[in-house]
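J.: Here the protein sequences come in this chain order: U and Z.
Read in the working numbering, the first sequence has 297 at position 294, and its numbers run on one by one without any break.
Read in the working numbering, the second sequence has 944 at position 129, and its numbers run on one by one without any break.
These aren't lab readings, by the way, just hints derived from the structure by calculation.
Just so you know, these numbers come straight off a predicted model, no measurement behind them.
Built from N, CA and C at the ideal position, the CB exists for glycine as well.
Careful, some of the hints might be misleading.
Pair ranges (Cβ atoms, derived) [to be verified]:
(1) 1236(Z) - 18(U): 49 to 59 Å
(2) 245(U) - 1239(Z): 32 to 42 Å
(3) 117(U) - 1142(Z): 55 to 65 Å
(4) 32(U) - 1232(Z): 17 to 27 Å
(5) 18(U) - 1232(Z): 50 to 60 Å
(6) 38(U) - 1144(Z): 46 to 56 Å
(7) 283(U) - 1009(Z): 24 to 34 Å
(8) 32(U) - 1236(Z): 20 to 30 Å
(9) 897(Z) - 297(U): 23 to 33 Å
(10) 1282(Z) - 18(U): 28 to 38 Å
(11) 32(U) - 1207(Z): 55 to 65 Å
Below, a list of computed lysine to aspartate or glutamate pairs in the EDC-like style, where the Cα atoms sit at most 16 Å apart [as the list claims (entries may be wrong)]:
(12) 164(U) - 933(Z)
(13) 164(U) - 1238(Z)
(14) 1177(Z) - 163(U)
(15) 164(U) - 970(Z)
(16) 68(U) - 933(Z)
(17) 914(Z) - 73(U)
(18) 26(U) - 970(Z)
(19) 936(Z) - 118(U)
(20) 936(Z) - 73(U)
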Amino acid sequence: MTLRVTQNILNQNLLFNLQRTNKTMDQLQEQVSSGRKINKPSDNPVIAVRGMFYRSSLNEIDQYKRNADDGLSWMTSTDEALDEVTSVLQRVRELTIQGENGTNSETDRNAIAEEISQLKEHLGEISNSQIAGKYIFAGTDVKTPPYSSATKEFTNANNEKLELVVGQNNTVQINVKGIDVFNNDGTGGIFKVLSDIETDFRSPNPGSTDHLAQLDGQMDNLLRHRSELGARMNRMELSISRIDGLEVSTTRLLSGEEDVDMAEVITNLKAQENVQRAALSVGARIIQPSLVDFLR
Amino acid sequence: MTSTFHGIELGKRGLAAQQTALSTTGHNIANANTTGYTRQRAEMIATKPVSIPGMQIQLGTGVEVDKLVRLREDYLDVQLRGENKSLGYWEAKSDTLTKVEELLNEPSDDGLAYTMDEFWKGWEELSKNPDSAAARAVVSQKGVAVTETLRHISESLNQIQDDLKLVIKTKTDSVNSLATQIGNLNDQIGRLVPNEYQPNDLYDQRDVLIDQLSKLVDVKVSPPNKDTGVVDISVGGVLLVSGKTANTLTVDTSSGVVDPANIKIGNTQVALNSGELLGRIESFGILGGGVKSTIPTIQEKMNNLAMTFVNAVNAVHEKGMNLENINGTSTNKVPFFIGTSMNDIAVNPDILKSPGLIAAAKEESSGQSSTGNGKNAQDIANIKFIALGFPGINSTADDYYRNIIGQLGIDSQEAQRMQSNSEVIIQQVENRRQSVSGVSLDEEMANMIKFQQAYNASARMVTVVDQCLDKIINGMGRVGL
Chain U
4 MTLRVTQNIL
14 NQNLLFNLQR
24 TNKTMDQLQE
34 QVSSGRKINK
44 PSDNPVIAVR
54 GMFYRSSLNE
64 IDQYKRNADD
74 GLSWMTSTDE
84 ALDEVTSVLQ
94 RVRELTIQGE
104 NGTNSETDRN
114 AIAEEISQLK
124 EHLGEISNSQ
134 IAGKYIFAGT
144 DVKTPPYSSA
154 TKEFTNANNE
164 KLELVVGQNN
174 TVQINVKGID
184 VFNNDGTGGI
194 FKVLSDIETD
204 FRSPNPGSTD
214 HLAQLDGQMD
224 NLLRHRSELG
234 ARMNRMELSI
244 SRIDGLEVST
254 TRLLSGEEDV
264 DMAEVITNLK
274 AQENVQRAAL
284 SVGARIIQPS
294 LVDFLR
Chain Z
816 MTSTFHGIEL
826 GKRGLAAQQT
836 ALSTTGHNIA
846 NANTTGYTRQ
856 RAEMIATKPV
866 SIPGMQIQLG
876 TGVEVDKLVR
886 LREDYLDVQL
896 RGENKSLGYW
906 EAKSDTLTKV
916 EELLNEPSDD
926 GLAYTMDEFW
936 KGWEELSKNP
946 DSAAARAVVS
956 QKGVAVTETL
966 RHISESLNQI
976 QDDLKLVIKT
986 KTDSVNSLAT
996 QIGNLNDQIG
1006 RLVPNEYQPN
1016 DLYDQRDVLI
1026 DQLSKLVDVK
1036 VSPPNKDTGV
1046 VDISVGGVLL
1056 VSGKTANTLT
1066 VDTSSGVVDP
1076 ANIKIGNTQV
1086 ALNSGELLGR
1096 IESFGILGGG
1106 VKSTIPTIQE
1116 KMNNLAMTFV
1126 NAVNAVHEKG
1136 MNLENINGTS
1146 TNKVPFFIGT
1156 SMNDIAVNPD
1166 ILKSPGLIAA
1176 AKEESSGQSS
1186 TGNGKNAQDI
1196 ANIKFIALGF
1206 PGINSTADDY
1216 YRNIIGQLGI
1226 DSQEAQRMQS
1236 NSEVIIQQVE
1246 NRRQSVSGVS
1256 LDEEMANMIK
1266 FQQAYNASAR
1276 MVTVVDQCLD
1286 KIINGMGRVG
1296 L
């Protein structure tokens, strides 16, 4: 049986096909305007789920980046503070060598003691360094000044680490515990050593304590913490460059999954437009003529 | 010898038959665009010949219209109706699934996944600045965003379900109304056919109604009764229309999910196996439906997600120390979230009032901690990466949610593909049916000319006989006049 084709079949098929090309055009247009291959999970479930994963990863990376930047500025401030502490100790060491020289008069020694006293106060200020309103040498007790200007003592005994997450399973300690640097021997640390020197120089009968050895002990301790901090800063910088790399690659992956190839989509859209145009002009032809038009 | 007026009678029959054929053509043209109209053809046969006594011949007596045939192929009806029920089923499914997809709005920068990411980031920031009131306010607000998103999803799912309940009611009513109309047509047809009438147009109307019914439920149509032309229609093996009697289909949605035992025709349970109605019922929820129950499955999974997430955050939160604990003004610890299901979860109002109750710190020594301690906040932020105990599976909250979205995408994609396949098949079957039953104006015009000419010729036949008779009557036996 040959298929009998009636006007209605032609009309219906035309409509059906126009519907289909319209639907494809709609999808392509949505892709062009949104710039994305998919707009619903059902467009492509695999891409949708992967896209969600990469989006979430980018959010994490964004946070890690902020953490790392914050951590680095915290550590840089700490390093600057410790650098100043080093300078102060070096000056104290010079003064101590000068003061222990037997040729000094009592006035000279008092002058030296006075300078050391001033340096000690300065050290107190350094140990109360703040970043964004937080005392950096106070462990987790960031709101209380660790150095008491009243008693002129480093009173903070907080032994807590401050850690930041800069990657999954990657935490970096950002603080140097004040107690380790300023109060390292449990009997007063730097401030005690400086007080001892000052007292000794003010006294008419200097004691026999080996101030230089004590100062060097403090200096060693300080250097140890500074180099540890330096190592951690290195690690942080490495993390930052790794995070930057990860951000680039994850963005690329997300874009590869979700973003449309504009040239491709626009070409498809153009092709589809042509099909649509052809279908419409054919439609205009088939709808019109029937035998009715010729039987007059 | 034949009768004198044989020729006139013969011509008259010709005129009548061609006129009937012309009327049929006119009826076809008039109904060229009528939905479900089946083209008709006047089937002409030669009338009974007369034997001429003494001669071994039979003389033709002309033509008559034996019947008006309805040009239709039953097999195509069966095929179309079979495909129609699949189309209805998948249309209903893809409609619901697309709505849920739009509701969840993933992957995007403003769906639940994004809100949860922001929540975890809030805790991470708080862990850096546990002393900051601003960071505390941010965490509580991000928590509000998460609970609001979840509640919105919950409410919208309920809304979709409520709508489906109405749709099921409407569709059930449609089934019953169609059944009644088919019963009425059966009644009319059953009164005409035994009296030798051919109610072709009533047959068409009945077929259209059966086509409509076949999209809603899976119908089986009995062959028409030879004597009465009546058909019976059964759904899932139960009679919906029996002769002129229509039974009533009922679906009980009152208990929240549909119990298959409560889908009945009359008092008999009926097992629907396809059609739009079943698609809607499965979207709404059906007992023992398993993965078929679209909305309840999504609701359950989303609720698992919400409650597992809330409990995980609360468990860690209540281990930590808030500012009141640290300052020693109180030893009270409060949950971060409150609520028992996705419908009513919220950030603890006490926390919204005093963000100091957020437990960002971990104990440093027994009952002691500091304002700068953000370790508990960090632990909460880390929940993002921890496999939580979801029913039946251990996975991170993110993974569980991605799974929901992936499954939804796959289900919806399948429904859309099946729907579009059914559309193509229906289009093809419909074309074949139109090819058999559809009116072609060209064809009708050609027929019109054909019948018109035959009519004219029959008239001429009458004229010729008339002239012959004139010859006999007026021209013969008048010799010499």
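J.: Looking back at the hints listed earlier, which ones does the structure fail to meet?
T.: The structure conflicts with hints 1, 2, 3, 5, 7, 9, 10, 11, 12, 13, 15, 17, 18 and 19, although it agrees with all the remaining ones.
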